[in-house]
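Sequential numbering of the sequence shown, starting at 0, is according to numbering that gives the first Met the number 0.
Treat each hint with caution, since some may be false.
Simulated restraints on C-beta separations [stated by the list, open to error]:
#, residue 1, residue 2, range
1, Asp424, Pro486, 45 to 55 Å
2, Gly52, Arg191, 22 to 32 Å
3, Ala645, Ala514, 14 to 24 Å
4, Arg318, Leu620, 29 to 39 Å
5, Asp283, Lys39, 38 to 48 Å
6, Asp394, Arg263, 36 to 46 Å
Source of the hints: derived by calculation from the structure; they are not laboratory data. Quick reminder that beta carbons are idealized off the backbone N, C-alpha and C, glycines included.
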Amino acid sequence: MTQALHAAAVVDRARPRLELDRILHPRSVAVFGASDSKDKFGGRIMSFLIQHGFAGEIYPINPRRAEVLGRRAYPAIAAAPAAPDVAILAVPGGSLVTSVAEAAAAGVGCCVIISTGFAEAGAEGAARQAALVEIARCSGMRLIGPNCMGLIVPHHRLALCSSVVLDTDRLRDGAISLVSQSGALMVSIFDRAAADSIGFRHCVSLGNQVDLEISDFVEHLVDEPQTEAICVYVEGLLDGGRFRRALAAARRAGKPVLVVKTGRTAAGVKSARSHTASLAGAWDVFEAVCREEGAVLAQQPEDMVRAAQFLIRHTRPRRGGVAILSSSGGGCGIASDRVSELDLPLARLAPATRAALEEILLPPQADNPIDLGGRRAPEDVEIAGDAARIIFGDDGVSYGLAILTSMPFFARRTRLIGEAAQALDKPMFIALTPGRAADAPRRALGEIGQFHFDGIEDALRALALVVEHDRLRAIAPVTAARPAGLPDPATLSRLPGGQLTEREARQLLEAYGLALAPERMAATPAEAATAAAALGFPVALKAVSPTIVHKSDAGAVRLGLRSADEVAGAAGEMADRLVVEGFLVQPMIDGEAEVIVGARRDPHFGPVVLVGLGGIAVEILKDVALAPAPVTVERARALLDALRAAPLLHGARGRPPLDVAAVADVVVRVSWLAADLGPRLVDLEINPLIVRAAGGGATAVDARGTLGTLRGCPYPKEPAP
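Based on the sequences and whatever the hints tell you, model everything.
Rendered as structure tokens:
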């Protein structure tokens, strides 16, 4: 092993041996642990390479065999006639590092490591993983894995994977590429998609990502013309900024990206860490970054792939709504409810469309949703197709949702609806609700290449993802412009590290142009009473202490004090109970609502800004929205509109509209403060920001923040602004 490691170390360190395109399209492969037996990993890999007709050279590596499946075997990779582009290693973990070092010494371009027992398995495994990283770094050989399932490249007839799902007649080719951290999910997605007649351009599983990572492949696939949509399963990212830039590149290229990520819950985070040693990161930040860059988040892998297939089949821009068509009044009702609950746009049919429908349907059914049961000529089989053509001819209709139940001439009518949708190139989501009674309609749709769903919810989830994609891509990306008058970011380097006092936090916010409540500092209860009298009653009294984060929880704030005696008494009580450095006295600020505006630094994506319902309600209701910092005014307004409390901001139940423009301005300024602080930012919070009626402005009443020291705070790999 020592000799092999030394040999690897003398290879050029600066340049990778293979580009990704060559890794995905190798001319030769080696299988470490090759076997005749399909009961073994190496046996299945060999079998599938041969079974699916890989045209390149195959080098079985097994010191105990002279031949494997009719092909000459080699005792070691050094004995092979040439260095293969890619080697896949199906060997025990104990000998894995030695095998990888030998591959590097022999000039192998890339090793795919399916073995487990590395960083996900504790300290000993982490040490083995570190050895793999060192070999790759020193040699220039690329690594995929460990703890992965390999590659499937149908158009190249490459089945470099041991999963039994590849024991099939053919690998279905397509225009979707899948990048997955989970190997088991990769092959499950591949198999489920095949049952839906959906194929893939590439399927790659990455496992622990010791070298090649998700962003490497997303970047490559964005530039590959044959890949028309990218699906990604993520457990954890190594470089959030790079991932964000890859998503932005996909958006510029007009290439859909759909993502499923674990880690929405504490249980999901724990699972990701134990599975691939991945740090899942904050779900809300990941979600915000994906939406910012036009990537669509799905909850289930099959929904992600189905939506991707619709997106590559129907590429025209869509701005209209959903038309619902059903053979059942009940189907119309269920679909209408769910479309509304999912916040999908229900299309309003043009008068001419309704008039045309009334010629073939009874008036109550001649509007969206359309009930085919109300036909003027009940025995006319063609009406189903006629109705679909009329609906899809409406410019306000961009999506169709057909809920089809058992009916006479079921297969014929279903086919007519599918043909009408295809003729006008609009995505139709057809849900066939019966079981065996829908077998003939399923075959009819299959004959014309029209996708269908065996349930309303499956269709709705895919429809919602397509609509979300179109919504996100309709938002033109805009670079945030720095507001005039902000300080030079270099001046922030002089700020001390640690938790800021409220006064320090207020000074920082004031420098960035925020309106703050007047205040006076007092060292003693008597001084606090004098300050209150000067400001005018009623006042708020706050204890100043670097150890108190949430003042209301600690009893370090008193509101509405109306006399000097009340102020002195409250300050004395705080001084007796808490360790304080003094007191802040502020006049009570009136307003219509309390909002929280804050920022924090995410370890993967850098600074983010957040806004939500403020006061003590923020911890209970958690009604917040966030975005990567800095943001534009338009993005800040969109964050406010995304809140559940948005109706309160715009005036609800007789209340006056609030000064949303002032709140948006605060969000923008705080976002620039967060961006300027960069790696020094830990967190920053204004809570509450008192908001008055439209035109009345917004005033920051309470602020806190924590900064890191310059030392030990390297910048995360953040996206370029």
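Outcome of the hint check:
A beta carbon spacing of about 53 Å between Asp424 and Pro486 agrees with the range 45 to 55 Å that was offered as a hint. Remark: the range hint 22 to 32 Å for Gly52 to Arg191 is upheld by a beta-carbon distance near 24 Å. Look at Ala645 against Ala514: about 22 Å separates their beta carbons, and that is inside 14 to 24 Å. A C-beta distance of roughly 33 Å is found between Arg318 and Leu620, which places it inside the suggested range of 29 to 39 Å.
Between Asp283 and Lys39, the C-beta spacing of about 44 Å keeps the proposed range 38 to 48 Å intact. Between Asp394 and Arg263 the C-beta distance comes to about 38 Å, which sits within the given range of 36 to 46 Å.
Violated hints: none; the structure is consistent with every hint.
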